[in-house]
Every structure is written in structure tokens, then in C-alpha cells.
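Protein chains in written order, with my numbering: chain A, 1 to 483; chain B, 1001 to 1210; chain C, 2001 to 2674.
I should point out that these hints are in silico values taken from the structure, not numbers from a laboratory.
Check before you lean on any hint, since a few could be wrong.
[Stated by the list, open to error] Think about it this way: if two alpha-carbon atoms lie no more than 30 Å apart in a straight line, the pair counts; the simulated BS3-like pairs of lysine-lysine are:
| id | chain 1 | residue 1 | chain 2 | residue 2 |
| --- | --- | --- | --- | --- |
| 1 | C | LYS2573 | C | LYS2452 |
| 2 | A | LYS430 | C | LYS2616 |
| 3 | C | LYS2573 | A | LYS444 |
| 4 | B | LYS1185 | B | LYS1174 |
| 5 | C | LYS2604 | C | LYS2616 |
| 6 | A | LYS444 | A | LYS430 |
[As the list claims (entries may be wrong)] Residues of chain B clear of chain A, computed beta-carbon distances all greater than 12 Å:
| id | residue |
| --- | --- |
| 7 | TYR1009 |
| 8 | LEU1016 |
| 9 | THR1057 |
| 10 | ARG1113 |
| 11 | PHE1115 |
| 12 | VAL1117 |
| 13 | TYR1144 |
| 14 | PHE1148 |
| 15 | ALA1164 |
| 16 | ARG1168 |
| 17 | PRO1196 |
Glycine included, each C-beta is placed from N, C-alpha and C at the ideal position.
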Amino acid sequence: MNNPIVYDLMAARPEILVLTMAMVILLVDLFLSERHRYVGYVLSQLTLLGSAILTVATHTPGVAYVFNGMFVDDPMADVLKLMMSLATSVVLVYSRSYIATRGMYRGEFFALVLFALLGMMIMVSGSHFLTLYMGLELLSLSMYALVALDRDNPRATEAAMKYFVLGALASGMLLYGMSMIYGATGALELGQVRNALMSGQPDHAVLILGLVFVVAGLAFKIGAVPFQMWVPDVYHGSPTAVTLLIGSVPKFAAFAFFMRLLIQGLEPLGIDWQGMLIIMAVLSISIGNITAIAQTNIKRMLAYSTISHVGFLLFGFLAVGPNGYTSAMFYISAYVLMTLGAFGILLLLSRQGFEAEHLDDLKGLNQRSPWYAFIMLLLMFSMAGVPPTLGFYAKFTVLQAALQAGFVGLVIFAVLMAVIGAFYYLRVVKLMYFDEPIDQTPIKPQADVAFVLSVNGLLVLLIGLMPEWLMELCAYAIAQSIQ
Amino acid sequence: MIFQDYVFYALAAILLVAGLRVITARNPVHAALFLVLAFFTAAGIWLLLEAEFLAITLVLVYVGAVMVLFLFVVMMLDINLDKLREGFWDYAPLAGFVGVVMALEMASIVGVRHFGVNVTGTPEPHPVNYSNTAELGRQLYTDYVLPFELASVVLLVAIVAAIALTMRRRKDSKYIDPAEQVKVKRADRIRMVSMPAEKEMPENGEGEQA
Amino acid sequence: MTYMQKIYLLIPLLPLLAAVVVGLFGRKLPRFTAHLFTITGVGASFALSVLVFQDVLAGHIYNGAVYTWLTSGHTSFEVGFLIDPLSAMMMVVVTFVSLMVHIYTIGYMHEDPGYSRFFSYISLFTFSMLMLVMSNNFMQLFFGWEAVGLVSYLLIGFWYTRPTAIYANLKAFLVNRVGDFGFLLGIGMVLFFFGSLDYQAVFSVAPQFADMNVEIVPGHSWSLLTVVCLLLFVGAMGKSAQVPLHVWLPDSMEGPTPISALIHAATMVTAGIFMVARMSPLYELSTTALSTVMVIGAITALFMGFLGIIQNDIKRVVAYSTLSQLGYMTVALGASAYSVAIFHLMTHAFFKALLFLAAGSVIMGMHHDQDIRNMGGLRKYMPITWLTSLIGSLALIGTPFLSGFYSKDSIIEAAQMSHIPGSGFAYFAVLAGVFVTAFYSFRMYFLVFHGKSRWMEAKDDHGHGHDDHDHDDAHHHGLGPHDKPHESPWVVTLPLIALAIPSLVIGYLAIEPMLFGHFFSNVIFVDAEAHPTMHELAHHFHGAAAMGLHAFTSLPFLLAASGVALSWFFYMKRPDIPAAIRQRFELVYRILDNKYGFDAFNEKFFAGGSRLIGSKLWQIGDVTIIDGLFVNGTARLIGRVSAIIRHLQSGLIYHYAFAMIIGVFVLLTFFMKK
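Given these sequences and hints, build the entire structure.
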């Protein structure tokens, strides 16, 4: 144990497991016949389980920097990694039958998902511009490939192309911004960047130039207006299983990316990036909510809903301080849980040769399956922020944090927009309960999907009723990791 | 001004012109060739910065491998340039305005005022026995081992993605397996069938199978 | 928590548990479990109540909180129990009658599809009523008050596919809302002025406020306690169906008969009486309030009795007699004879439950025909029902030595002894009421059990019973000319017998300890100087036996006997006379038939008026301003904006890239200038 590299590697055990298993799955898949494709699925689930267990087992309350300050193992990273592993596992459960009927039930799919997860884990633990950037690229590249994986689907290919080109542009911006900050501070490691900024030495004009590009890159990744253009097209064009993945787990990583870059690294520039975030938050909430109303495709609608949720998330960062960050982390957890469930329902309704993606496909769901209609009702209520669901509490804490930070006008605006947003969520409820079904195919989920989806839906209600433990978990992660 | 300065300005000028031509050249092959030129001059500038290894790698990898591939692709694709340029002038005023203002803004920062020698200080030349290659290697495999490994994973993902997206196996294609050919036995090729000398009338339709 | 405290908790919780289990899982469980669980729960509750009653007799009184719900400022809202002779007696009565009704229901509802739902409801009712009577604070009292109201609503509309049932339960609910509004105001004033919701605390500080006045309308000041007492009494008027809030009770007969017995005769409707008796320390401080109570009770007692005379539905006759008897109790309250009111409440609970259950038994025997004109001569066919009905009717009219006699005669005497304003009218009303009660009770008795068997006469237009279980049109209600009524099964007759026994003897046994002993001495407070009624009553009392013997020469007995005789003459001897009278006094009949016009007035004035106001507000406020301007106007605006923004999403990649560049450009320009 005296060898420093061993110590370094010990801190990254979950990542190493995921990486190793991704390659094992690639190799094993070569020797599998069509009948035994499930082996890849099982191995992936075991990997995710192992990664979750390893994360918990190796958890310590302290902060440890390894790999020459490039990688940090702190409670925030551990909590987020645990959530990401679990969320990815849920994604795979929901997706299984969907990808099986669309020729994507292959080793590459699982390997790419695991590579994406690895990228996210690196982002979560990155404490250096380089690691953060490498993690982001790993995630993005895997995602581009996953979107296009359904090769014979022209819409998916188009979506992948847009995602790739715009993503490359955003990566370039991010990298350019980082290089400017490096130029001004002479440091790449977040702690050193922060120290340099605190000293007041670096050239402010250069920093602003860098900051604008960094924020633009971040905003693209998280889908904030005006860098949101890719979101609806990619959500819409991707196979629903991939949309589910893009829409859910990476948001944890994006949250961590914000935390690492803006809070841990660039917090001394808070005055400047706060202004940028306000503009983007306001635009995101209004454009997201208003445009969602005009959508007839539910995947697009959820894409715009995501944009508006991002606006709310940014409110949490506006309230600089542990309260705001905790509320943002809570919000993102709530958001991922709701998104998983909503796309899970869409995957449930899809089958061979039929994509459930129009609002009309939800018509009369109550008559076809009262239970899943109820689950969807819970999810929609939660997204709209109706008490006592989780979504209400999430919005409440974020707005409360912003209010305490003095953004009264913004909070009022956000609440008004949330009311507008409630319209399109409740329209879904109306379609499910008061319209006649167009499609009468019976809904027969597999046992695991039925169980996980039910738990997912009920959790939205239960955590809404008892939010303390999740709140405390987030508060713990933030308090232990951010000084 | 010393000799190196002249070299720098010459290379920089060529680099800028080449870069400009990459996006203005009407013929894509020409554009690709201008890109090659830009890489070459960039490598020259890196040499001036004492980054010999990187300069060589740039020429070897980008010019030698990437750009050749690029040229192949460009030449194989039938690109209708006029179609691509459709609507160019519709956007030109706005795009031009934004582009110019942004360029001015960036230039005001990325200029002598913020990055001049009097701000950053003159870098010390390395000693004679300094090896840029050795230093890079040492850095890559010690301090930067994590990003280095990650880069390899990114490349692996790129490979996997490329194969997954492009490799198609036609279901109806016929191909030969040499191993099967070698292993083949006489019994596999010839089947001895005993047939009666006199043909009987088929009964119950079984005769059809014979 | 002591041993007894656990028992106190168990008494209401066992029926609740049974109600929840049967209510939630009743449809999945076998049918017999519905009555098994609930009867076990209520039975255990009854046994424990008896235990508590004995404990209370031994002198153990409990008053304390078991659970604090929330604390706001200095006021805490608690769940607490006050176990004293009054509540212990109520608990025994409630659980006993409830148990009888549970058993009875097995027979009465056995073919109803809502079997388990019904059992769940009546168990839930038992829980609510127990919470009401066991409460030691206004908060919990109000909870029980509303809970019994809710269950009553559910049960009146139990056959929810019938429009009349839905109409009736809505009516009951709305009328009770009016009462509850006053009640809630009263509780609010109690909290505001006395600073507490706990009975004990309120009663101890109330005398200090005896001279305090409040100005509700500027310029007019009223005694605070009068206002509080009257507001609380408004609540009692709603729940105990006093004029003019009585209109819901006759209609509530739309519910199944067992709950008519349990809720609308024996227990829930007496909640108002119980509440006023519980509040005796407050009422004693306001003679004005007592006078009002007395007059309203007297009006109810007499005029509701008249309505009983012309009813032809067997259950409605009993319902109007209930109204009348509740009036008697209210008169007793007004005369400061709280213990007499409670005494009558108890005896009434037994014999009125008996009468209702017997009526239900008759209805079953007649195959769900409720019209007494179609009955007659049932004595031969239903001997047990006949005999128990006779006992119930005799108790109701005040036959000496039966339970009703002791309580009712005491009330009449109390009204006579009272000297507060209005007592003269009250005395006249309760005295005349005796005659009326005897007349209509025996009218029903004779028409049902004696005389010719009228269902045998061919009839095409026989009134359809209200109490029909299902809506199968092919199902023939009532008996055909050749059918014979049959006695009900033992689960029905057993409760009848079990209720007949206390109807006979409870008055004789209980009058002395309850009225003149020390049973209520620490519970009910009477200001002997201001209202010496009870004192004088005790002066005239020389033992239960003497009272019974003495009665044969008294005015009430003569009135009752003449009432019985007259009804025999009219309906057995000369059935043509009532018809002739009816023709001669057309106007009177019409007034009675329209129930003095209360329903029509409410329907036109209150219901119509509020509908008018509502529709105007809806048209102007909602449709034009809120919907038109705010809701739809905004929605239309946003819809348009949405459609425009949507076009920005062109699907062209260079547009997207350009948007990003513009974004960076704007941020850069904006923040570099700062």
C-alpha cells in the first residue's frame, strides 16, 4: 500500500470496475449467440450493482485528492455515483424489451451505456480541467453513438448528427474557455484555479472571456436556453430507450460539472457567472414551459419540460451557498426520478413496430391500465409541482433558497411560469382519464418492469411526503464536500 | 527583431491565409490541401516554441494519416457545393455583423494588452540537453496518467462506435470459409446412391423425393 | 398509560379497526367476515363500556389527554377523554344499541350487495359517536360531531342509485351545515374569549364572564354567554332536528331501516341533547338561552307530533314521533332539568330503536311494502314483532311503570315547575303532545297489527315501498293477495327482545339514582337558586312505585288513554270518520301534508336564492372576468407565443449552431462591458 499509485487506484475502484466490465461485455458478446444476448444484460446489471455496492462500501466522510490532484473522492461524488449507478440500472430495466424488439439488444449497447456511465463518474470526481473534459467527452461520444445505434432509423441518424456537430462545437467552446482561464491563472487544477482567483492577480478581462465560453459549454451540456436547440430534436429522434438515458442519468453528471467548475473552481467569479445564470434560467423556464404547450409529441414535450426544469435547477446555483447547492442537488434527484418514470411509461406502451410518442397514444390509458395511468398521474403531478408530490417539494426548496438569496422578482416569475407549465402536464392527465383510448392493445409488462415502475411512481409520492431523508443526504453530501 | 521573429511572422501569415482558404476554397479537395498547409505551418510554429515532439507528431498523424483519409473521403463523396452555399447571402449580413463584432471583442482580449511579453514575461529558453520528448513521456505516465488512460478509453469508444454504426453484414451474402474447404473429406462430397435398374411406378407420391 | 386508559382507548378504536378492515377489504373477504369482525369489535366495545360504567359507579372519573395533535401558540388541540357518569352512560347506550343494530342488520341486509359496506359504515358511526361522547374538549367534540354527520350522510344515501336517497342525504348534509356553522362559531367564540377548548378549563372560567357583553351588531350589546350558548344550540338544533332545522330527519328515512334506528332515533340525533347537557355550566349562566331552548323544544314537541298523524309510511310515523320526543328532551334542557333530558334520552334510545327495528321487521314481513294502509292483522303472523311493538308503543306514550313513563312524566313536571319565560307554553305543548303521541302511535299500531288483512284486497296502485333493496323492476314489492307475511328470522327478533326488556324496566330502575341521587352530581351543574326546577321535582318524588301508582289519576295519563281510545275508535271501529274529517278540514290536512311549508320555503327561498346568487356570480365573476380575461385570455396569448417560438426550432443544424453563437455573443458583449 506504500505505492502511491495503488492508493490512487483504490479511490477509483467503482470506475475501474465499470471500465473493466464494459470491455468484458464487449468481448463476451462476441461469443454469444442470439439466444444468449441476455448475458450482456445480466452482466451490465451486475456491474451496476457492484459499482453501487463499491461506492457505498468505500465511502468515507472525508475528501481525498488522488492522481496528482486530478481526481477527488468526496461524499458528493459518492452520493452522485450511487444515484447514477441505480438510475442506470433502472434505465436498463425499462429499456430491455424495447431494445430487444429493435435490434439493439447487443453487447455494444450495454458497453456504450457503461462507458457513458464511466464518463459521468469521471466528471463527478473530476477536480482538474483535464479530467472533467475527458469525462465529458467520454460521455458525449458514447451518447452520440447510442443515439445512432438504431442505424436504419433515419430520424435517429439525423438526431445523432445534430447532436454530434453541436456537441463538438460546445466542446470546443468549453475547451477554449478553459484555455483562457488557464492562460489567466496558470492552473488547471480547480483548487489552484480558485487560489489564483482569490489572490486577485489574474487578468479579469481574460477571465470573463474564458468564463463566457465555459458557461456556454456547460449550458449546452445541460440544455439551458439559448444552448438548448439540440434537446428537442435529440429527445425526439433518439430511440426512446436512449432518450430515457440521455434525459436522466447525465443530469447528475451535469450537476456535478456545475458544482466542480463553477463552485469549486470559479466561485470567486460568482458575481459574473450569477448574471449569466439568471439570464439563462429566466429564458429556460419561460421558453421551456411555453413551447412545451404547443407540442403534440410527448418526447418533445418532455424535452421542453426538461429545459424548464433546468431553469429551476439554475435557481439553486443562484443562491450561492450550501443551502442553494443542497436544493439544487435535491432538485436534480427529483427530476431524474420523475423523468425515469415518465419515459418508463412510454417504453411500457411501446412495442414491436409501435412507438408510443404522441400525446394521443396516452389517451384513455386509465381504461387500459388504471394502475399505470395512476403512476403517470403521480409523475405528471410531480413534474407540475402539485403537492404533496416530490416535484412540489423540489421546486419549493429551490425557490426558497433563491428567495433567501434575495431574488424575489425571479421567484415570482418562476412560480407564474410553473403555473403555465402545469397546463401541459395536466393535459396528459386529462388525456389519460377523460378521453377514449385509440389503441386497445393490452398492457402486459414483465414482472421486473412492473415492479420497478410501480416503485418509481410511488417513490415520487412517498418522498414527497417524507422528503427529509433525501434532503439530509443531499445536505450531507454538500456540507462534507464544499468548503 | 531576430531571425526567429521573421520566421514566426512568415509562418503565422501563411497559417492565417491557409486557414482562411480552407473555408473559402470552392473545391473541397483544395480546402483539404489548404488544411494540410495550415498543419504544416502550425508545426513550424510549435518547433519555434521548442515543442519538437508535438510538431513532428502533428505532421505525422494529421498530415500523414488523418488528412490523407480526409482527401479520400472528400474525393469519393459527390458534394454539390452550390447547394451548400444556397442561402449564404441571406445570412451573410447578420452573420457577418456578429462575426466581426465577436472577432473584435476577442481580439481586444487575446492581444498584446493581456498576453504581451510585458504581461506574461519572456519565457526562459530550455537548456541544450532538455528533451521535450522525454519530458512529455514522463508527464504523461506520471502526473497525467489518468487523463492519458481516459483518452485511450475515449479512443476505444470511438472504435466501438464506428464499428457498431458502420459494420453491416448482409444476410444474403455468400462467402467462402477456407477452413471449411481444407477440412472437407471425400465423404462430404460424394454420396453413394444405389438405384434400381428398372424404374417403378411412383406410389403414394414418395417417388418425388428420390 | 394505565390499565383503564388503555380500555378507554380500545372502546372507540375497536369499532374503527373493524370498520377499516371491513371497509377496505370487505369485497375481497367472504361475506360472513363483514358481520363477524364488526360485531366482535362493537361487542367488545360494549363489554368494555359496561366495565367502564361499573368503574365510574365506583367513583373513578378520568379526565386527560391521550394524544396532542398540534400546538398553536398557547392552544393545543388534543385527543382526550372525559370519562364520567354522563359519558359512561352514553357509551353503554351507544354501544348496546349499536350492537343490537349490528345483529339485526345480518337479517335485514342479507341480500343487499352493499353488505360489507353497510357494516363498515355502522361501525365507523359507532366510533364517531363514541369519540363525540367521550371527548373532553370542544375540538374532539366537533370532530365527532362532523364524523357522525358524515356517516349519516353516507348511510342516508346508502342506496345511491336512488334519486330520492341522494336528495335526502344532500338535504341532511346541507341542513346540518347550517347548524354546524353556528356550532363552529360558538366554539370559535369559546376559544377566543375563554382561551381554551378544554371543557374543564372553559367551565371554570365561564362564571367570570357572566356579566360580560359583546357587541356583534354595533349599538346592540348582548350577554356573551347568551350568544355563545345560542350559537352552540344552533348546532344542537341541526343535529337534534329542532324546528326549523328539522326538515332533514323525515327524509333521512330513505336510508336502510337499521340506521334509522341507530342514527336517526337512538344515538346521533341525541348528540345535541347530550351536548347541551354537557355544557350545563354554560347554559346555567344564561336564562335567555334556556328560554329559547325551551320554546323551540316545545314547538318541536307539539307540531311535529301533529305531522305524525297523517303519515302513511310506517317509518315516517316513527320518524315524526322521534322529532316530537327530541322536542321533549329539549324542553327538559330548557327547564334546567338536564338529568331528566338525559334520562329521557336513554329510555327513548331503547324504545325508539325497538320501534324502528320492529317497523323494519314488519317491512321485511310485508316484502318491503311500507304503507300502513296495506297492512293490518299482522298480529297473527308476526307474534314477536307484534308484542315488542306493543311494548315500544306503550313505553312511548307513557304507560305507567314502563320506561317512557318515568322520563316523560318527569319532563312534563319539570316544565310545570319551571318559572323561566316560555315555560307556560312549554307545559301546554308537552301536555298536548302526550295526547297526540298516543293518538298517532296507536293509529299505527292498530293499522298494522289489528283489523283486516288489507293486502289481501286486490289492489293495483299500492304504494311502492321506499325501502326496496334492489331495482329489479321485475321484482314485485309488497305482498300479493295470496301471500302471507312471515315472522322474521332470529337475528332480527333477538334484538327486538333484547331492546324490549330495557324499554319495560329501565325507567323504574334508573329514575331514582339518575334524577334524584348523586349519579350526575359532579357532572351536571344546576344553579339551584336561579333555576330550582330539579329541587322542586325532588320534593314531589316519593319513589318510583309511588310515582307509577299516582300517575293513574294524573292528567297526562288521562290524555294518553283518551288518545289511545280515540285512535281505536277512528281506525278500528269507524274507519270512515278519519276520511270524513279529512274532507271537512281540507285546509288543515293540506298544511300538515305540506309539513307547514318548511320544505317548500327552503326549496324556494334558500336553495333557489343561493342558486340565483351563485349563477350570477358565476356568469359575471367566473365566466367573464376570471375565465374570459385572466384564464382564457392568458392561455390564448401563451398559446400564440408558443406557436411562434415553436418555429424557431427549425430543425436545421446551422440555425442551431448560429443560435449558440448568438448566445455566446450576447453573453460576451453583455458581460465584457460590465
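Hints, verified against the model:
Between LYS2573 of chain C and LYS2452 of chain C the CA atoms are separated by roughly 12 Å; this keeps the pair inside 30 Å, and the hint holds. A C-alpha spacing of about 28 Å is found between LYS430 of chain A and LYS2616 of chain C, which places the hinted pair at or below 30 Å, so the restraint holds. Between LYS2573 of chain C and LYS444 of chain A the CA atoms are separated by roughly 75 Å; this puts the pair beyond 30 Å, and the hint is violated. As the CA atoms of LYS1185 of chain B and LYS1174 of chain B are separated by approximately 21 Å, the hinted pair is consistent with the 30 Å bound.
A threshold of 30 Å between alpha carbons decides the hint, and for LYS2604 of chain C with LYS2616 of chain C the separation of about 17 Å falls inside it, so the pair holds. Using a Cα cut-off of 30 Å, the hinted pair LYS444 of chain A and LYS430 of chain A holds, with the two alpha carbons roughly 23 Å apart. For TYR1009 of chain B, the shortest C-beta to C-beta distance to chain A comes to about 22 Å, beyond the 12 Å cut-off, and the non-interface label holds. Once the 12 Å rule is applied to beta carbons, LEU1016 of chain B is consistent with being away from chain A; the minimum gap is 18 Å.
THR1057 of chain B, annotated as away from the interface, keeps every beta carbon of chain A farther than 12 Å; the closest lies near 18 Å. At roughly 8 Å from the closest C-beta of chain A, the C-beta of ARG1113 of chain B falls inside 12 Å, breaking its exclusion from the interface. Not every Cβ of chain A is farther than 12 Å from the Cβ of PHE1115 of chain B; the closest lies at roughly 7 Å, contradicting the non-interface assignment. Consistency note on VAL1117 of chain B: stated as away from chain A, and its beta-carbon is indeed over 12 Å from all of that chain's, at 14 Å minimum.
A beta-carbon of chain A is positioned within 12 Å of the beta-carbon of TYR1144 of chain B; the least distance is around 7 Å. Distance check on PHE1148 of chain B: its Cβ comes as close as 9 Å (rounded) to a Cβ of chain A, failing to clear the 12 Å threshold; non-interface status is violated. The claim that ALA1164 of chain B is not at the interface with chain A is violated, since a C-beta of that chain comes within 12 Å of its own (minimum 4 Å). The Cβ of ARG1168 of chain B sits about 8 Å from the closest Cβ of chain A, inside the 12 Å cut-off, so the non-interface label is violated.
For PRO1196 of chain B, the non-interface assignment is confirmed: its Cβ lies about 44 Å from the closest Cβ of chain A, beyond the 12 Å cut-off.
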